[in-house]
Amino acid sequence: MSYQAEYSNSIQNPEGFWAEKATDLPWYTPPKTILSTDENGIYRWFADGEMNTAYMALDHHVESGRGDQDALIYDSPVTGTKRKLTYRELRDEVAKFAGVLKAQGVTKGDRVVIYMPMVPEALIAMLGVARLGAIHSVVFGGFAPHELAVRIDDAEPKVVVSASCGIEVSKVIEYKPMLDQAIEQSAHKPKACIVLQRPEAKAALTAGRDIDWEEAMASAEPADCVPVKGTDPLYILYTSGTTGKPKGVVRDNGGHAVALKYSMKAIYNMAPGDVFWAASDVGWVVGHSYIVYGPLLAGCTTVVYEGKPVRTPDAGAFWRVVEEYKAKALFAAPTAFRAIKKEDPEASLLENYDLSSLKTIFMAGERLDPPTYDWTVSKTGKPVVDHWWQTETGWAICGNLMGIEPKTPKAGSSTLPVPGFNVQILGPDGQELPAGEQGSIALKLPLPPSCLPTIWGDFERFRTGYLSDFPGYYTSGDGGYKDEEGYVFIMGRTDDVINVAGHRLSTGEMEEIVAAHPAVAECAVIGVNDPLKGQAPIGLVLLKDGVEVEEDQLQGELVAMVRKEIGPIACFQRAIVVQRLPKTRSGKILRKLLRQIADGQSYTVPSTIDDPASLSEIEGIMDSHGLVQRA
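Start counting the sequence shown at 144; every next residue gets the next number (the working numbering).
What the hints contain is simulated information worked out from the structure, not anything from laboratory work. One should not assume that every hint holds.
Straight-line C-alpha distance at most 30 angstroms; calculated BS3-like pairs for lysine-lysine [as the list claims (entries may be wrong)]:
hint	residue 1	residue 2
1	408	587
2	239	301
3	485	469
4	408	245
5	225	251
6	164	314
7	587	676
8	469	451
9	251	334
10	707	522
11	522	687
12	522	550
13	225	314
14	334	301
15	502	225
16	314	525
17	372	587
18	175	408
19	469	164
20	553	726
21	726	451
22	334	245
23	408	731
24	314	676
25	251	175
26	522	485
27	372	332
28	451	525
29	372	451
30	469	225
31	239	225
32	334	239
33	550	676
34	345	408
35	164	251
36	251	314
37	587	525
38	469	522
Taking the hints into account, I'd like the entire structure generated from these sequences.
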């Protein structure tokens, strides 16, 4: 089927379209009610279907003769450990861990918080929770105690599952002391903590509360799958950058399974038995969807990688993993490829590896700038798919459907809307804008399966945050435009549009131009207050390793490039070299925080920041250049 026929069918006949896709999964009771509304008036999918996501992801494949196929490959360059688990082995481990949880009183609808590094046990824990019809909430391993505490108070878990430590490139991070502090700070006290002891740092267990993972597994009775409704929650995932009361995105079982199973073929062109590698973390939505659930629902082999794109041991790490496990698809954030480009600009390490198994590289999580796109395509010779999605949707809103009808890519575009997503560009009045004109990106209701139906414990926050700006639409918070062919260009968050002397300009567009300079590895352009023009753009630039250039000369060249491409109205006149940019652990540059520093505002350090020291460092550099406004 062509893309256009598939997409049109999904928009014009959503019930029929998704009813057909639902038949690809082994339901206990197939749904008859495909689309309905709940007590809050929110569209819901497959309300009367009965299922279990862990059964669909594991037991079904074992029963279908796929039990001896590898389900999971664990590769940990930071510990020198490698391990493989077949579908049968993973099913058995999950059933035993579900038994461990069941012995602690975990039943359908209970919450379990998981605070773990990138180890197979993290996936086993998630699937074990799902097996019982309970609800998991994964908190990125190593989050500060306060941030873990507020999530424990919000989710109110019966049990917390953790590990003694996580391992970074050059250090061991002990989790257990942070977990103890978090529980001490939280009003809600979990009944038990199950702790995986790692050899790199053993943890002291708290008597009466803590349980050793291996000891519990040794004596566990395997637990059966518990049937749930299609609309019952599978997990809660707190969005990055939350401050104050956390915002827990709720994902339901039925819509999630249907959408992810469909996406594995339609978007990623994966078949049962293929090796899929999402180089992310289970703490993020990409890890939930495409390390754990998507590949396993599709009968693929998933790679769990405890390492970095660089320095574990070098910038050839990604290529080594692809060759060793014959990965057909690689999925990572653009920041990973920028890190590789910075340390190995000519991709000379790539020459040591055979990438013949790799058919496509997928990127998401932040805007893919054209220079990074062009570098990755030219150095690898592989198609690169930029696809755009959010924690709230759980899968791609726009992308290039490699399993249906691949389109000619355009650098800077996430290609076309994915079937089910009615993507529109709206002006402030809620009217759809013509091609080429930038506006707010909104999704016409109903949203397709897998998208959030609420915020955990706070429906009103969901309604006001996503549904109130444009009645009948979900507001994405991103801005962009469509071209004449319908290709969607995401230009960044709507608050990354700056107003320079009455002209509304996209900082994302300026970043594209700055990043195209041969000396630049990565950059951020922010708008700062200007007494004459309202706002003025400032460029913060990281240089490629080994590049030497005079800062004044570089600034002059960048100013000339922006002036040539956008014109004098951009008023781009300042570019400063920095050693690093403050980012979240998922690689997003904290542009709002940079604006607050420049404008002399007080700011809160977000829980998701990767390196808090980068903030004081960049504030000092900006201050030395006279870029921090003082009251």
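Hint by hint, here is what the structure shows:
Taking the CA atoms of residue 408 and residue 587, the gap is near 24 angstroms; set against the 30 angstroms cutoff, the hint holds. For the proposed pair residue 239 and residue 301, the alpha carbon gap of about 18 angstroms is at most 30 angstroms, so the pair holds. For the hint pairing residue 485 with residue 469, the CA-to-CA distance comes to about 25 angstroms; that is within 30 angstroms, so the pair holds. Distance hint between residue 408 and residue 245 is unfulfilled; the C-alpha atoms sit about 35 angstroms from each other, more than 30 angstroms.
At most 30 angstroms may separate the alpha-carbon atoms for a hinted pair to count; residue 225 and residue 251 exceed this at roughly 34 angstroms. Of the pairs offered as hints, the one joining residue 164 and residue 314 is violated, with about 46 angstroms between alpha carbons and a cut-off of 30 angstroms exceeded. For the suggested pair residue 587 and residue 676, the alpha carbons sit about 36 angstroms apart, so the restraint of at most 30 angstroms is broken. Among the hinted pairs, residue 469 with residue 451 is consistent with the structure: their alpha-carbon atoms are about 19 angstroms apart, no more than 30 angstroms.
Between residue 251 and residue 334, the direct Cα distance comes to roughly 16 angstroms. Compliance with the 30 angstroms bound is thereby established for this hinted pair. Annotation: proposed proximity of residue 707 to residue 522 holds, straight-line Cα distance about 28 angstroms (limit 30 angstroms). Restraint check for residue 522 and residue 687: satisfied, since their Cα atoms lie roughly 16 angstroms apart, inside the 30 angstroms limit. With a C-alpha separation of about 21 angstroms, the suggested pair residue 522 and residue 550 falls inside the 30 angstroms cut-off, and the hint holds.
For the hint linking residue 225 to residue 314, the alpha-carbon distance of about 20 angstroms falls within 30 angstroms, and the restraint holds. Note on residue 334 and residue 301: the hinted pairing holds, with a Cα-Cα distance of about 6 angstroms set against a maximum of 30 angstroms. Of the supplied pair hints, the one linking residue 502 and residue 225 holds, its CA atoms being roughly 24 angstroms apart against a limit of 30 angstroms. Between residue 314 and residue 525 the CA atoms are separated by roughly 34 angstroms; this puts the pair beyond 30 angstroms, and the hint is violated.
A hinted pair counts as satisfied when its Cα atoms are at most 30 angstroms apart, and residue 372 with residue 587 qualifies at roughly 26 angstroms. Restraint check for residue 175 and residue 408: the C-alpha separation of about 24 angstroms stays at or below 30 angstroms, so the hint holds. Our distance criterion of 30 angstroms between C-alpha atoms is met by residue 469 and residue 164, whose separation comes to about 29 angstroms. Simply put, residue 553 and residue 726 have alpha-carbon atoms about 27 angstroms apart, close enough for the 30 angstroms limit, and the pair holds.
With a CA separation close to 15 angstroms, the supplied pair residue 726 and residue 451 stays within the 30 angstroms bound. This hinted pair checks out: residue 334 and residue 245 have alpha carbons roughly 12 angstroms apart, not beyond 30 angstroms. Taking the CA atoms of residue 408 and residue 731, the gap is about 28 angstroms. The hint holds against a cut of 30 angstroms. A C-alpha spacing of about 47 angstroms is found between residue 314 and residue 676, which places the hinted pair above 30 angstroms, so the restraint is violated.
Note on residue 251 and residue 175: the hinted pairing holds, with a Cα-Cα distance of about 23 angstroms set against a maximum of 30 angstroms. Restraint check for residue 522 and residue 485: the C-alpha separation of about 13 angstroms stays at or below 30 angstroms, so the hint holds. Among the hinted pairs, residue 372 with residue 332 is consistent with the structure: their alpha-carbon atoms are about 28 angstroms apart, no more than 30 angstroms. At most 30 angstroms may separate the alpha-carbon atoms for a hinted pair to count; residue 451 and residue 525 meet this at roughly 21 angstroms.
Proximity of residue 372 to residue 451 is assessed by CA-CA distance (about 38 angstroms); at most 30 angstroms being required, the pair is judged violated. As the CA atoms of residue 469 and residue 225 are separated by approximately 15 angstroms, the hinted pair is consistent with the 30 angstroms bound. For the hint linking residue 239 to residue 225, the alpha-carbon distance of about 22 angstroms falls within 30 angstroms, and the restraint holds. Between residue 334 and residue 239, the direct Cα distance comes to roughly 19 angstroms. Compliance with the 30 angstroms bound is thereby established for this hinted pair.
Distance restraint check for residue 550 and residue 676: the Cα-Cα separation of roughly 41 angstroms exceeds the 30 angstroms cut-off, and the hinted pair is therefore not satisfied. In summary, the hint linking residue 345 to residue 408 is not supported, as the alpha carbons are separated by about 42 angstroms, beyond the 30 angstroms threshold. Using a Cα cut-off of 30 angstroms, the hinted pair residue 164 and residue 251 holds, with the two alpha carbons roughly 26 angstroms apart. Among the hinted pairs, residue 251 with residue 314 is inconsistent with the structure: their alpha-carbon atoms are about 38 angstroms apart, more than 30 angstroms.
Under the criterion of a C-alpha separation no larger than 30 angstroms, the hint pairing residue 587 with residue 525 is inconsistent with the structure, at around 34 angstroms. This hinted pair checks out: residue 469 and residue 522 have alpha carbons roughly 19 angstroms apart, not beyond 30 angstroms.
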